[in-house]
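Visitor: Each chain, written out:
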Amino acid sequence: MRVLAAMSGGVDSAVAAALAVDAGHDVTGVHLALSPDRQTLRSGARGCCSVEDAHDARRVADELGIPFYVWDLAERFTEDVVDDFVAEYAAGRTPNPCLRCNERIKFTAVLDRARALGFDAVVTGHHARLEGGRLRRSVDAAKDQSYVLGVLTAEQLAGAAFPLGSMTKERVRAIAAERGFAVAAKPDSHDICFIPDGDTRGFLTRRLGARPGPVVDAATGATLGTHEGTHGFTVGQRRGLGVAVGDQRPRYVLSIEPVTRTVTVGTADLAGVDVVRTGRPTWTGPPPQLPLRAQVQLRAHGAPVGCQVTAGPGGGLVLALEQPQRGVAPGQSAVLYAPDPVRGDLVLGQAAVARP
Amino acid sequence: MTYLDHAATTPVLPEVLAAMTEQWGRVGNASSLHAAGRAARREAEQSRERLAEVLGARPSEVLFTGGGTESDNLAVKGLFWARREADSRRRRLVVSPAEHHAVLDSAEWLAKHEGAEVTWLRLEPTGRITPDALAEALGDGSDVAVASVMWANNEIGTVSDVAALAEVAHAVGVPLHTDAVQAVGQVPVDFAASGVDALTMTGHKLGGPMGAGALLLRREAECTPLLHGGGQERDVRSGTLDVPAIVGLAVAATTAVTSRPERAARLAALRDRLVAGVLEQVPDAQLNGAPLDDVVAGGPGRLPGNAHLSFPGAEGDALLMLLDARGIECSTGSACSAGVARPSHVLTAVGAEAARARSSLRFSLGTTSTDDDVDALLAVIAPVVERARRAGR
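Protein chains in written order, with the UniProt record's numbering: chain P, 1 to 356; chain A, 1 to 393.
These aren't lab readings, by the way, just hints derived from the structure by calculation.
For clarity, every value in this text was computed on a predicted model and none was experimentally measured.
Every residue, glycine too, gets a C-beta built ideally from N, C-alpha and C.
Please note: incorrect hints may appear among the correct ones.
[Unchecked claim] Where chain P lies over chain A, by a calculated footprint (3+ residues, C-beta under 8 Å): (1) 339-349; (2) 379-390.
[What the hints assert, rightly or not] Some but not every residue of chain P turned toward chain A, in silico, with C-beta under 8 Å: (3) ALA54; (4) ARG58; (5) PRO67; (6) TYR69; (7) VAL70; (8) ASP72; (9) ARG113; (10) LEU117; (11) GLY118.
Next up, chain P with everything else stripped away, as it sits in the complex:
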């Protein structure tokens, strides 16, 4: 196969590319220049992406003896991921930009271009299994990234390859070290790539400005204080609410109302939800028959919970949860799994939470 290895400059995509070469594929490496934040990069008109990461990726490609290019997708990334992220927060929702990037950049913009240029598949360093066209959790439960891939369709998965799904992160680093890759010990990235300092609230405030509004107690309706913008809050959030209530019981964000800029908070007993309504789902394979018993994962590193899936109004889903969940926010992706302890939990599809 002719495959395009997306190489971020990290250890995972380096090893994924190496394994693709070992498997006998005709591999071309591509680094995606995504960063729209020219401040963090080489200054000046020609600055466009992280020079260091591109260098690290190129070093690995040169060691593997494969062609290597940099594709400038900063404009698409800005529109489809960064602007979407800001707009979602402005609308009181909680987006996952990594999922959005996989959906619209890596497995749309890049995959489409790769196919047009004559490649059969895009190889990435995601920790997930993809066998027989079906997407499953990685064997490394702690590093599993199937959640952020749950949005892909069967058509997209047909053009994807994830060589790392059957190994642990430890093994990935060991392979990188055996091959003498300089990135073998490079730290994992945790932050949102376009917010390198990790200060999401500060980033959103710079983009959206201060938009003050009230913090209201759900039980009494009393205004407990003011905030500088609803974008500083996520449903389920407990810390940093900036309000004090006499009873000393912790308060959680229950809902965010962007029009009146009202952040409603309440005690733990009010913070859980047991029914989640979603928008239209996407499926990784043939659409399953409803109703359906499944597991749902509601955030990137959240624990899966059992649920009954039924059809909802407007083509959406209704998820009846077996245990109430805290911090279920509109905009989050609910990724559905069919548990399979042997081959790895099968990803069925996902839908965005409409309202809990």
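Since chain P is already given, all that's left is putting chain A on it; use the hints.
Guide: Just chain A now, kept in the frame of chain P:
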């Protein structure tokens, strides 16, 4: 492999390799007073004389540098500083927007850090700078520190009439620097006859080593150094002379200049066949720069080995990648430090739309180029462009 990127760098000539290998076998610092030093100095000075002779300069006008970028920086910054020191009103730089980044970024650095003001020259659609455009930009010249116009453009190959430009600059008392990195060995270059005050050349574009170049600087020109130290090169440039590289540079320049008439004719014919063949296969491709048979000041108006074409609807980086996969090596112009292909600033400067600037490729022929190379390109260009266009949609 089909190497069509001689404007990026050229294969080292066998006689250069032999001469440098011999030099690397000996010891001696050209500044030392003992026998080994004297022997090294003799080699360096012979090379200086040879280089001066083939370029129409005096030996004392040859300053050896670390290459084209250093020579450009030294000329633009050094002449600016020295001229401003002599008269504080001289703060203006007159520069072509199609210059190499070594000149552009030097000018912009001076504007940002040294209070310089940059006047950008008006370009003809071919990329040429006319004497009228220079005269207009210079005005009475009293506030101008230095003007810089390249002899031949590295991307689209357009040659300017540097002698006429020097005359215009001198009429208002302004020194002219020219970046002749691409011109030497491809078109006739005579430093004295051109009248320019400073000229940049480098070794690796004409079969010599990388990291070796020269700035030809008129004896009377005041130039403030960038590198301070032993003052080896007329106190304008310091650093132990790299004798093997200097010998290689002189051998390469001598060979390139003396063999130029025959080679230029051969490359122009090959280049013309390449362009005609591409236009036949891809009828809507567009040739950028001056016409193939263009003439300026009685000589070629376009570098004989240069073919620069736009392929509407296709991205340059996709074309480059598809050609690379088929064993054909060419260039899209410039890339940022991370490797992202950028729209050519030269095409943008001559008024091309961003889409055209992004859809262009440079094929540059040199000593090793043959009919087989042209045939190899013509065998694949049509399907490659078609595929790239599908990817661009």
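Visitor: All hints are to be evaluated individually against the structure, with a verdict given for each.
Guide: Right, here's what the structure says about each hint:
| no. | hint | result |
| --- | --- | --- |
| 1 | 339-349 | holds (count 4) |
| 2 | 379-390 | holds (count 3) |
| 3 | ALA54 | holds, 4 Å |
| 4 | ARG58 | holds, 7 Å |
| 5 | PRO67 | holds, 6 Å |
| 6 | TYR69 | holds, 5 Å |
| 7 | VAL70 | holds, 4 Å |
| 8 | ASP72 | holds, 4 Å |
| 9 | ARG113 | holds, 5 Å |
| 10 | LEU117 | holds, 5 Å |
| 11 | GLY118 | holds, 6 Å |
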